[in-house]
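Peer 1: Sequence:
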Amino acid sequence: MSKRIMYRFFLGMPFGVTYGLVIDIAYAYLNNQTFYQMATNRFDDYISNPLDILVITVILWALLGSLFFVTALIFTVERWSLVKKIIIHFFVTVSIFMIIAYALGWYLLNIEGVLTEIIIFVIIYALFLINDMIQSKRNVAAINNKIKNKNNN
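Using my numbering, you'd call the opening residue of the sequence shown number 1 and step up by one each time.
Think of the hints as simulated: they come from the structure by calculation, not from any bench.
Just so it is clear, CB atoms sit at the ideal spot from N, CA and C, and this is done for glycine as well.
Be careful, since some hints might not be right.
The list that follows gives simulated cross-link-like pairs (lysine-lysine, DSS-like), each with its CA atoms no further than 25 Å apart [to be verified]: (1) Lys137 with Lys85; (2) Lys84 with Lys137; (3) Lys137 with Lys148; (4) Lys3 with Lys85; (5) Lys84 with Lys3; (6) Lys150 with Lys137.
Okay, the calculated beta carbon distance ranges per label pair [what the hints assert, rightly or not]: (7) Ile123 with Val83: 15 to 21 Å; (8) Lys137 with Lys85: 16 to 22 Å; (9) Lys148 with Leu108: 54 to 60 Å; (10) Leu51 with Val83: 43 to 49 Å.
Starting from the given sequences, assemble the full structure and let the hints guide the process.
Peer 2: Structure follows, in structure tokens:
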């Protein structure tokens, strides 16, 4: 299992960096920036070298990608019910995500900022779950059709 975790940890890194950069660029466009400047980062007050801030930001983006790739392994635990998997996955993911997102400056540490970030996370999470349910229903229907066609022949 630890080999699978490490594999997924490193596999998720480039995805996290890519998504982080896309989000950062979208943020820049939404704020009418005419040149690229990273989104607000919690390290600006402590580190003066922009290159160091970029490295820390890229590492945090990579950790986000790793988080999502590793926590997906929760769904491979066969002895747990689907509801238990979803609940554990949600709370583990949102907890670690919130820490990294705060470090990236994606929200302010106040009730409004935390609630807004959690609501956005819940909406995205729900969209993924709904998509998975629709895909599962399609897969079941396709399997049933194959069985029905095989039995009719």
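Peer 1: For every hint, state whether the structure bears it out.
Peer 2: Status of each hint after checking the structure:
no. : hint                           : in the structure
1   : Lys137 with Lys85              : holds, 19 Å
2   : Lys84 with Lys137              : holds, 20 Å
3   : Lys137 with Lys148             : holds, 16 Å
4   : Lys3 with Lys85                : holds, 21 Å
5   : Lys84 with Lys3                : holds, 24 Å
6   : Lys150 with Lys137             : holds, 20 Å
7   : Ile123 with Val83: 15 to 21 Å  : holds, 20 Å
8   : Lys137 with Lys85: 16 to 22 Å  : holds, 18 Å
9   : Lys148 with Leu108: 54 to 60 Å : holds, 56 Å
10  : Leu51 with Val83: 43 to 49 Å   : holds, 46 Å
When held up to the earlier numbered hints, the structure conflicts with none and fits them all.
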